[in-house]
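S.K.: The primary structure of each chain is shown beneath.
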Amino acid sequence: MAIRLLGLLLFVFSSVTHAAAKIDHWQTPQGSRVYYVRTEGLPMVDIQVSFDAGSARDNQQFGVAALTAALLDTGAGQWNADAIAQRFESVGALFDASASTDMATLSLRTLTDKALFDKSLDTMQTILTKPRFNEVDFKREKNRTLAGLKQQEESPAALGSIAFSKALYNTHPYGHQTAGNLKTIAGLKAADLQTFYKTYYVAANAIVVIVGDVSKEQAEQTALLLVKDLPTGKKPEALADVMIPTTASQQHIEFPSAQTHVLVGLPVTYRKDPDYYNLYIGNHILGGSGLVSKLFDEVREKRGLAYSASSSMTPLLKSGPFTLGLQTRNDQTKQAVEVLNKTLSDFVTQGPTEAELTAAKKNIIGGFPMRFDTNKKLATYVGMIGFYEMPLDYLDTFQQKIEATTIATITEAFKRRVNLNALQTVTVGKTEVAVDVKSAK
Amino acid sequence: MNKRLLCTALLCLPVMAHSEASKVSEHILKNGLKVLVKEDHRSPVVVSQVWYKVGSSYEPNGITGVSHMLEHMMFKGTDKHPAGDFSKIIAENGGDENAFTGQDYTAYFQTMAADKLAVSFELEADRMRYLHLLPEELKKELEVVTEERRMRTDDKPQAKLAESFNAVAFTSSPYKHPVIGWPSDIANYKVEDLQAWYQQWYAPNNATLVVVGDVQTQAVFDLAEKYFAELKTSDIKPLKPQPDMEQLGTRRIVVKAPAKLPVLLMGYKVPSLKTAAQETEAYALEVLAGVLDGGNSARLSTDLVRGKQLAVSAGASYDLVGRLDGLFELDATPVEGKNVADLETALKAEVVKLQQTLISDEELQRIKAQVLASSVYEKDSNFYQGMQLGALETVGLAWQKADEYVANINKVTAEQVRDVAKKYLIEDHLTVGYLDPQAIKPAATSTAKGAK
Numbered sequence: 001m002a003i004r005l006l007g008l009l010l011f012v013f014s015s016v017t018h019a020a021a022k023i024d025h026w027q028t029p030q031g032s033r034v035y036y037v038r039t040e041g042l043p044m045v046d047i048q049v050s051f052d053a054g055s056a057r058d059n060q061q062f063g064v065a066a067l068t069a070a071l072l073d074t075g076a077g078q079w080n081a082d083a084i085a086q087r088f089e090s091v092g093a094l095f096d097a098s099a100s101t102d103m104a105t106l107s108l109r110t111l112t113d114k115a116l117f118d119k120s121l122d123t124m125q126t127i128l129t130k131p132r133f134n135e136v137d138f139k140r141e142k143n144r145t146l147a148g149l150k151q152q153e154e155s156p157a158a159l160g161s162i163a164f165s166k167a168l169y170n171t172h173p174y175g176h177q178t179a180g181n182l183k184t185i186a187g188l189k190a191a192d193l194q195t196f197y198k199t200y201y202v203a204a205n206a207i208v209v210i211v212g213d214v215s216k217e218q219a220e221q222t223a224l225l226l227v228k229d230l231p232t233g234k235k236p237e238a239l240a241d242v243m244i245p246t247t248a249s250q251q252h253i254e255f256p257s258a259q260t261h262v263l264v265g266l267p268v269t270y271r272k273d274p275d276y277y278n279l280y281i282g283n284h285i286l287g288g289s290g291l292v293s294k295l296f297d298e299v300r301e302k303r304g305l306a307y308s309a310s311s312s313m314t315p316l317l318k319s320g321p322f323t324l325g326l327q328t329r330n331d332q333t334k335q336a337v338e339v340l341n342k343t344l345s346d347f348v349t350q351g352p353t354e355a356e357l358t359a360a361k362k363n364i365i366g367g368f369p370m371r372f373d374t375n376k377k378l379a380t381y382v383g384m385i386g387f388y389e390m391p392l393d394y395l396d397t398f399q400q401k402i403e404a405t406t407i408a409t410i411t412e413a414f415k416r417r418v419n420l421n422a423l424q425t426v427t428v429g430k431t432e433v434a435v436d437v438k439s440a441k
Numbered sequence: 001m002n003k004r005l006l007c008t009a010l011l012c013l014p015v016m017a018h019s020e021a022s023k024v025s026e027h028i029l030k031n032g033l034k035v036l037v038k039e040d041h042r043s044p045v046v047v048s049q050v051w052y053k054v055g056s057s058y059e060p061n062g063i064t065g066v067s068h069m070l071e072h073m074m075f076k077g078t079d080k081h082p083a084g085d086f087s088k089i090i091a092e093n094g095g096d097e098n099a100f101t102g103q104d105y106t107a108y109f110q111t112m113a114a115d116k117l118a119v120s121f122e123l124e125a126d127r128m129r130y131l132h133l134l135p136e137e138l139k140k141e142l143e144v145v146t147e148e149r150r151m152r153t154d155d156k157p158q159a160k161l162a163e164s165f166n167a168v169a170f171t172s173s174p175y176k177h178p179v180i181g182w183p184s185d186i187a188n189y190k191v192e193d194l195q196a197w198y199q200q201w202y203a204p205n206n207a208t209l210v211v212v213g214d215v216q217t218q219a220v221f222d223l224a225e226k227y228f229a230e231l232k233t234s235d236i237k238p239l240k241p242q243p244d245m246e247q248l249g250t251r252r253i254v255v256k257a258p259a260k261l262p263v264l265l266m267g268y269k270v271p272s273l274k275t276a277a278q279e280t281e282a283y284a285l286e287v288l289a290g291v292l293d294g295g296n297s298a299r300l301s302t303d304l305v306r307g308k309q310l311a312v313s314a315g316a317s318y319d320l321v322g323r324l325d326g327l328f329e330l331d332a333t334p335v336e337g338k339n340v341a342d343l344e345t346a347l348k349a350e351v352v353k354l355q356q357t358l359i360s361d362e363e364l365q366r367i368k369a370q371v372l373a374s375s376v377y378e379k380d381s382n383f384y385q386g387m388q389l390g391a392l393e394t395v396g397l398a399w400q401k402a403d404e405y406v407a408n409i410n411k412v413t414a415e416q417v418r419d420v421a422k423k424y425l426i427e428d429h430l431t432v433g434y435l436d437p438q439a440i441k442p443a444a445t446s447t448a449k450g451a452k
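Going down the list, the protein sequences come from chains A and B.
Be aware that the first sequence starts at 1, since it is given in this note's numbering, and climbs by one per residue.
Be aware that the second sequence starts at 1, since it is given in this note's numbering, and climbs by one per residue.
This is chain A alone, in the form it adopts within the complex:
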């Protein structure tokens, strides 16, 4: 009892100190949502433009979203790939365009000195609004993607992750990897990318994030300049809900590796999930807190079964994957899977202990300022808040929401959301039966 009181006091003290960043938000005339935070001290800025145009929008053309993003800086307006790269790099700017499950993002990091800033922004604007998608560049990037996909087949980790997504999501848009597969990429044409671009890279579907040492007026001009030449378009229709598996499945992929990669889980949480904080802190205790999680302790510290053992609870627009994973010597796979499953089922049925919960709260709340202690991390948070339309005070209320969780609420959420009879299990490795080490020698 005394411990609880003490704990509460600590939380109160530690939460007063850190006010999170102030996010300014507005819309451009065409409906692009803009999010801006002024940070001072370094003459630089991070700018992102995101679209609801991730691999979840691939339809049957798996990989089209990723390849579309990859083609953007290979030719735009009057410039070819060489000229674009020179324009950015001659001013020390860093540019990238890529797709993830939910979104496609163009990001720029540049110095704020006017001549340098203007040149990189101008280049980004052209890439965003006038990409060429010409045949030569398309063929080359397509071949590079195919090579990358081929190379994945030599990685048990990659094979496991592909099979795991399929097991969790089947035909749902989250069921294939962002890069696509050999067959779907081979079937793509440059015109498919053009069509994808025209459908999704539109102002009404755009989010602009600006975090750095620029004034609000500059931020307004920057956002406007970036998106003003995009057609207004419209937001895509909502993604289908995920059909959460109701029965368990186990799949083994035979592979000539020294270790077996183990993945266990199911789709669980999404960004606006009312259970999110309970699931978040529960996962933190179970396998999300690095060197001190239950999974790490059971698998590595107590038994030396693996180098890494962890779990993650990824919130997406729709239910993202809850994943427990480890890699272990082939012949001890059975034991490692048993330990992993028992750790999970004990946690789901019994919940955390008082001590575990207190420790987790101290870790999350005490380490709160480290979540956005760089411009880059802050820009990522602001981008997340913008894309998923989270409340602007998301960061300000985060500690409070974590504080409010209890053993009862966490346990209840896990019992309701993590169906132990519907876990999907994937193993990739070489089938080897455990042998008695002494007699083998």
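To be clear, the hints were calculated from the coordinates, so they are not data collected in a lab.
For glycine and all other residues, C-beta sits at the position ideal for the given N, C-alpha and C.
Keep in mind that the hints are not guaranteed to be accurate.
Pairs of lysine to any residue residues, derived as SDA-like cross-links and limited to a Cα-Cα distance of at most 25 Å, are as follows [to be verified]:
1) B/K139 / A/N330
2) B/K256 / A/P256
3) B/K156 / A/A147
4) B/K441 / A/L146
5) B/K441 / A/Q250
6) B/K441 / A/R329
7) A/K377 / A/L224
8) B/K256 / A/A158
9) B/K441 / A/A147
10) B/K260 / A/S161
11) B/K88 / A/P369
12) A/K139 / A/T195
13) B/K274 / B/Y405
14) A/K401 / B/A114
15) A/K114 / B/D361
16) A/K376 / A/W26
17) A/K142 / A/Q86
18) A/K139 / B/T302
19) A/K362 / B/H41
20) A/K334 / A/T431
21) B/K338 / B/G307
22) B/K156 / A/L146
23) A/K130 / A/K198
24) A/K362 / B/D85
25) B/K260 / B/K338
26) B/K140 / B/G62
27) B/K308 / A/Q151
28) B/K338 / B/D293
29) A/K377 / B/D115
30) B/K156 / A/Q251
31) B/K80 / A/L291
32) A/K376 / B/A99
33) B/K116 / A/T397
Computed, partial: chain B to chain A, Cβ under 8 Å [what the hints assert, rightly or not]:
34) A91
35) G95
36) E147
37) E148
38) A373
On the provided structure of chain A, position chain B as indicated by the hints.
M.R.: Just chain B now, with coordinates in the frame of chain A:
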């Protein structure tokens, strides 16, 4: 016209970047512990790193990887704190922590809210001299490290190539063995090996404490005195020099492994900033790496990936901060229809071009602009700033080199780049490695639905 404007703008920047740079302060405790502090008040956080001058290049045969093994054992308890306590205390104080081992260093770090720095100091000081090395903990952790090796190297064809490549490229230099150690050495560590290694190298006079963040310099020095001052020194014997034997001709190696794509690795023997007769040579090699692989506009992307379309990817790297001579490395993966020999020819042609023709002013200006911009971007991360200071100090270069870097790159001329290409990128000092992909046995897949 445009170009001039650009240069003018860039010229203004060093001044600006400089005035923004907070300075590093140094304080050496009586027991020899060097403390470096860099204040950065943008966020109420701090990173604290303890760097030991020991790593895989310090290890004799038979116990390769022992520095890395000891790094793992450093979390296994002391007189005051039983195994697991360290990580629990850091976590309960909101901290993030870990450790890493390289060829020339072993380092431990915690990132915390700035007012928690004392927690980190207390624990690091404690395990600097009072570690418990227990046989039963070693037995378990040895399994963990073996799993780590399987994951990082044994099951990764490209990592296997790199490991064998290093073992062939170097003859007498300790850079020839892997940081994680050879499997049979890992399997045979004894507690005594670790104990001896710990006693030999873990001492305040063989360590650097680096603190970057929202702190007051004098307060950090006082705190360091409080926690570290009473630690005893060790008699640190100078390392044997162990330079590599001169290489007398190209070396070739083929690694066969289950894989899908071939890979080419090439490495030329080069000095580091520490070993170069003239420091300018090391900076010129750094620029040379930038000419080849300093982004999408660099030569390898422009000529090999896009222009001739020979490679799906190609890269070049040079490690400025090594204790011993290292390698200037080139790597590439061929496009379908081309092979590693085609790429070897193409990369060698790039080398010849560098030796015969001066790089353009545009290229040189681009690299200088990138270096300057990076020096600003790097300040976004306390951790990275700490890494720079710690690594420089630990390989025996002064931390001041971090502050001089931009100016020294700015002084590099096209002639110097050509000259280091001529002097160091020579056939007789080259090692070439091919990854020869072997068929992966067809994947048998079994699925059991609803079997739980």
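S.K.: Look at each hint and say if it fits the structure.
M.R.: To see whether the hints hold, each was checked on the structure:
no., hint, in the structure
1, B/K139 / A/N330, "holds, 19 Å"
2, B/K256 / A/P256, "holds, 14 Å"
3, B/K156 / A/A147, "holds, 17 Å"
4, B/K441 / A/L146, "holds, 21 Å"
5, B/K441 / A/Q250, "holds, 21 Å"
6, B/K441 / A/R329, "holds, 19 Å"
7, A/K377 / A/L224, "holds, 24 Å"
8, B/K256 / A/A158, "holds, 21 Å"
9, B/K441 / A/A147, "holds, 19 Å"
10, B/K260 / A/S161, "holds, 18 Å"
11, B/K88 / A/P369, "holds, 19 Å"
12, A/K139 / A/T195, "holds, 17 Å"
13, B/K274 / B/Y405, "holds, 14 Å"
14, A/K401 / B/A114, "holds, 23 Å"
15, A/K114 / B/D361, "holds, 23 Å"
16, A/K376 / A/W26, "holds, 21 Å"
17, A/K142 / A/Q86, "holds, 23 Å"
18, A/K139 / B/T302, "holds, 16 Å"
19, A/K362 / B/H41, "holds, 23 Å"
20, A/K334 / A/T431, "holds, 10 Å"
21, B/K338 / B/G307, "holds, 14 Å"
22, B/K156 / A/L146, "holds, 19 Å"
23, A/K130 / A/K198, "holds, 11 Å"
24, A/K362 / B/D85, "holds, 15 Å"
25, B/K260 / B/K338, "holds, 14 Å"
26, B/K140 / B/G62, "holds, 20 Å"
27, B/K308 / A/Q151, "holds, 22 Å"
28, B/K338 / B/D293, "holds, 21 Å"
29, A/K377 / B/D115, "holds, 21 Å"
30, B/K156 / A/Q251, "holds, 22 Å"
31, B/K80 / A/L291, "holds, 20 Å"
32, A/K376 / B/A99, "holds, 23 Å"
33, B/K116 / A/T397, "holds, 23 Å"
34, A91, "holds, 5 Å"
35, G95, "holds, 6 Å"
36, E147, "holds, 4 Å"
37, E148, "holds, 4 Å"
38, A373, "holds, 2 Å"
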